[in-house]
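Each protein sequence line maps, in turn, to chains A and B.
Offset between the first sequence (1-based) and my numbering: plus 393.
Offset between the second sequence (1-based) and my numbering: plus 393.
Rather than coming from a laboratory, the hints here were simulated on the basis of the structure.
Fair warning: there could be bad hints in the mix.
As the list makes no split between identical chains, a pair holds if one copy fits it or if it spans any two.
[Said to hold, decoys possible] Pairs of lysine-lysine residues, derived as BS3-like cross-links and limited to a Cα-Cα distance of at most 30 Å, are as follows: (1) Lys444 x Lys689; (2) Lys689 x Lys793; (3) Lys592 x Lys712; (4) Lys603 x Lys629; (5) Lys532 x Lys444; (6) Lys792 x Lys629; (7) Lys629 x Lys444; (8) Lys689 x Lys603; (9) Lys689 x Lys592.
As the structure is a prediction and not an experimental result, all values here were calculated from the model.
2 protein chains.
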Amino acid sequence: MDITRVWEDLSLSEGGTIVYVVLDGLGGLPRKPGGTELEEARTLNLDRLAKESACGLLETVGPGMTPGSGPGHLALFGCDPLRHPLGRGILSALGIDFELREGDVAARVNFATADEAGRVTDRRAGRIDSEMNRRLCRKIREEVTLDFEGSYFLETVSEHRAVFVLRSPDLGGALKDTDPQDTGKRPLEPEALDERSRKTADLVRSFLEKTRPVLVREKRANAILLRGFDRYSPFKGLEARFGLRGLCVAEYPMYRGISRLLGMDIAPPPEGIEGSVESLEAHFGKDHDFYFLHIKKTDSSGEDGDFDEKVRVIEKMDKLMPRVRALEPEVLVVTADHSTPAVMGRHSWHPVPLMIRSRFARVDAVEAFHEEACLRGSLGLRPGLHLMGLALAHAGRLKKYGA
Amino acid sequence: MDITRVWEDLSLSEGGTIVYVVLDGLGGLPRKPGGTELEEARTLNLDRLAKESACGLLETVGPGMTPGSGPGHLALFGCDPLRHPLGRGILSALGIDFELREGDVAARVNFATADEAGRVTDRRAGRIDSEMNRRLCRKIREEVTLDFEGSYFLETVSEHRAVFVLRSPDLGGALKDTDPQDTGKRPLEPEALDERSRKTADLVRSFLEKTRPVLVREKRANAILLRGFDRYSPFKGLEARFGLRGLCVAEYPMYRGISRLLGMDIAPPPEGIEGSVESLEAHFGKDHDFYFLHIKKTDSSGEDGDFDEKVRVIEKMDKLMPRVRALEPEVLVVTADHSTPAVMGRHSWHPVPLMIRSRFARVDAVEAFHEEACLRGSLGLRPGLHLMGLALAHAGRLKKYGA
Chain A
394 MDITRVWEDL
404 SLSEGGTIVY
414 VVLDGLGGLP
424 RKPGGTELEE
434 ARTLNLDRLA
444 KESACGLLET
454 VGPGMTPGSG
464 PGHLALFGCD
474 PLRHPLGRGI
484 LSALGIDFEL
494 REGDVAARVN
504 FATADEAGRV
514 TDRRAGRIDS
524 EMNRRLCRKI
534 REEVTLDFEG
544 SYFLETVSEH
554 RAVFVLRSPD
564 LGGALKDTDP
574 QDTGKRPLEP
584 EALDERSRKT
594 ADLVRSFLEK
604 TRPVLVREKR
614 ANAILLRGFD
624 RYSPFKGLEA
634 RFGLRGLCVA
644 EYPMYRGISR
654 LLGMDIAPPP
664 EGIEGSVESL
674 EAHFGKDHDF
684 YFLHIKKTDS
694 SGEDGDFDEK
704 VRVIEKMDKL
714 MPRVRALEPE
724 VLVVTADHST
734 PAVMGRHSWH
744 PVPLMIRSRF
754 ARVDAVEAFH
764 EEACLRGSLG
774 LRPGLHLMGL
784 ALAHAGRLKK
794 YGA
Chain B
394 MDITRVWEDL
404 SLSEGGTIVY
414 VVLDGLGGLP
424 RKPGGTELEE
434 ARTLNLDRLA
444 KESACGLLET
454 VGPGMTPGSG
464 PGHLALFGCD
474 PLRHPLGRGI
484 LSALGIDFEL
494 REGDVAARVN
504 FATADEAGRV
514 TDRRAGRIDS
524 EMNRRLCRKI
534 REEVTLDFEG
544 SYFLETVSEH
554 RAVFVLRSPD
564 LGGALKDTDP
574 QDTGKRPLEP
584 EALDERSRKT
594 ADLVRSFLEK
604 TRPVLVREKR
614 ANAILLRGFD
624 RYSPFKGLEA
634 RFGLRGLCVA
644 EYPMYRGISR
654 LLGMDIAPPP
664 EGIEGSVESL
674 EAHFGKDHDF
684 YFLHIKKTDS
694 SGEDGDFDEK
704 VRVIEKMDKL
714 MPRVRALEPE
724 VLVVTADHST
734 PAVMGRHSWH
744 PVPLMIRSRF
754 ARVDAVEAFH
764 EEACLRGSLG
774 LRPGLHLMGL
784 ALAHAGRLKK
794 YGA
């Protein structure tokens, strides 16, 4: 029995306002000697909130599972990521406000550098700037025509990243990446993973062949790598499922993309952490009852392996927490989509700390917001998918089950 | 994989005796300043038991799920409430010792007061007494005949509550409530929710039409509201599933009804908390190996929002616990079907405390029986459905799984 379906049936269209503060990649590991990023950071305001909250830990996608950006968030929003796999291409397209239509097949593009033998020497083409990216995309669009009933799109994301979309009836989206994920190797041939995707693979092969001469004179961006193919089928949104009219406040396109996929409205992209909190303040309490505030820099500093910077980002957010708290939503959730321990320099499977502040929260003895303290919280250690049900319950938005 | 099915396969027909003490709605929330009902109550005996027990918390039905009386108990008995939804009509019928047969369709009846335009002015007919209820049911039974191959029953529960049962081959039980759940509104027309229930809806419509003239001269009980329609399919009982010959000791009909549904024997209705413990003592160790003692008043005081009364009920039960303990069952379980925090005045989704006393329990450091202390118990926080497997295991009633 899928518990999220039961919540759908029990959801009320009215109730308290919910705020999710998602500090991307917040969970960490200790730098020896010493504690985790959260333990080392001075977080008086987060700790104060923890004292007023029910605390716990979330294993967002599953035991041992290291979530990508998509799955970690889907789980927090009550959408089982194991039932709803999501290609990175789809997310990237959504993130640049590309209006995907049902059936579109999207992939993420890297401009890359290849040597004369075609072996990749730099998977990011020296991180070319967005301006050059736009120029190259335009050039390819002008010079490359595919012979099929439909259209293709090649759109800049930023730096070396772009999105490729095929629009035509009945295309499958199950294709292997052409990105070899390593230097010294040649890009892989497009390969269909099911019958329905063979035509798609042919179109991609044709696209890559026709693109090669267009880029041949480029010094850095002379190759294209594709990954994260997927076919777009919009999800049943948060409003249809749980009666929540959502608003996303996120600086980075990927997270706006996920939110759009779930039917949330999107606030104009804010700048920086303080700008993000300002945007939340500006929108709060108007047309929405679910607010998703996404903070990216905890993750990116963790991915850079920069423990001290991650501590600084956490402390910066901590200073802003009183402004979030002052909005007094009925339910205030602080958590993460996954861990990104700076000592690992990448996403990890370790559970993330969680707190739920609400007048109906069973406040526990936890006095600080970090991994170890949250272990003693009243919410326990649980799957990330549980969060939405708990948030709805605390907001008075779930009816009783059965008589 | 449904873990309860595996327990069925591994269950032995012999083994230790299990006692469940279910304090309905026991879990709570703090009254500020101060603790929860369990924290505020003086519970020397429950605390002593906690010291001798493995402790933990149960989320009886699911994350964020506020259980009704039926689902919470089904979970404790190893019957997944999400797979076995249960109409209130069925429960009410079982609770008055009505001998339901497979295929019967039952609904809960409220006698109500309606104005001249047919709008409900009191959904409970001023809580008429049971004597008047019996008189009205008898009168309707005498004067209303339905034209179909089968029979109907209208039986008093208490005050304004009764049960309506249709018995005929092949009736569906998927009908909307006719109870508008609000005053100032007319009762709703019977409406089938599937094809198979259309005949049922016609019969209900006919019953309501023919009942109207019978009640027209009544001042208070001049209307009938129906809700919680369901078709009765007996569950596979505890004995067939787990080899447990169960006995229910419960003051309130609903809980006897659930127990009957699961094939337990039913002790004569006891009076009060002490009477309930006496009944358990009188029956213990004879023909059964599973005893379910249900205490209702923890829930009803919580629903009344009466924190102090709930504390008193807990303390009263605490004083009786040595008598339960003195029976020395191989497994003694103390827990609840759901929380009913007095500060909320209704059922809630918060996990309930649990202790299992057994010579094979992994006794932990928990020194008191309340929500916060049980968080540190060796049983952890887990789904309510787990309890039956744990009880069976501690009673030596589950074989090893695999070689």
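Do the hints match the structure? See the list:
1. Lys444 x Lys689: within (25 Å within a copy, 33 Å between copies)
2. Lys689 x Lys793: between (37 Å within a copy, 18 Å between copies)
3. Lys592 x Lys712: So Lys592 and Lys712 fail the 30 Å test inside a copy (53 Å) and across (65 Å) alike.
4. Lys603 x Lys629: neither (37 Å within a copy, 45 Å between copies)
5. Lys532 x Lys444: neither (57 Å within a copy, 61 Å between copies)
6. Lys792 x Lys629: Answer is both: 21 Å inside a copy and 28 Å across each meet the 30 Å cutoff.
7. Lys629 x Lys444: The answer is neither: 36 Å in one copy and 46 Å across copies each exceed 30 Å.
8. Lys689 x Lys603: neither (37 Å within a copy, 67 Å between copies)
9. Lys689 x Lys592: Neither way: Lys689 and Lys592 sit 37 Å apart in one copy and 59 Å across, limit 30 Å.
Comparing the model with each numbered hint stated earlier shows that hints 3, 4, 5, 7, 8, 9 do not hold.
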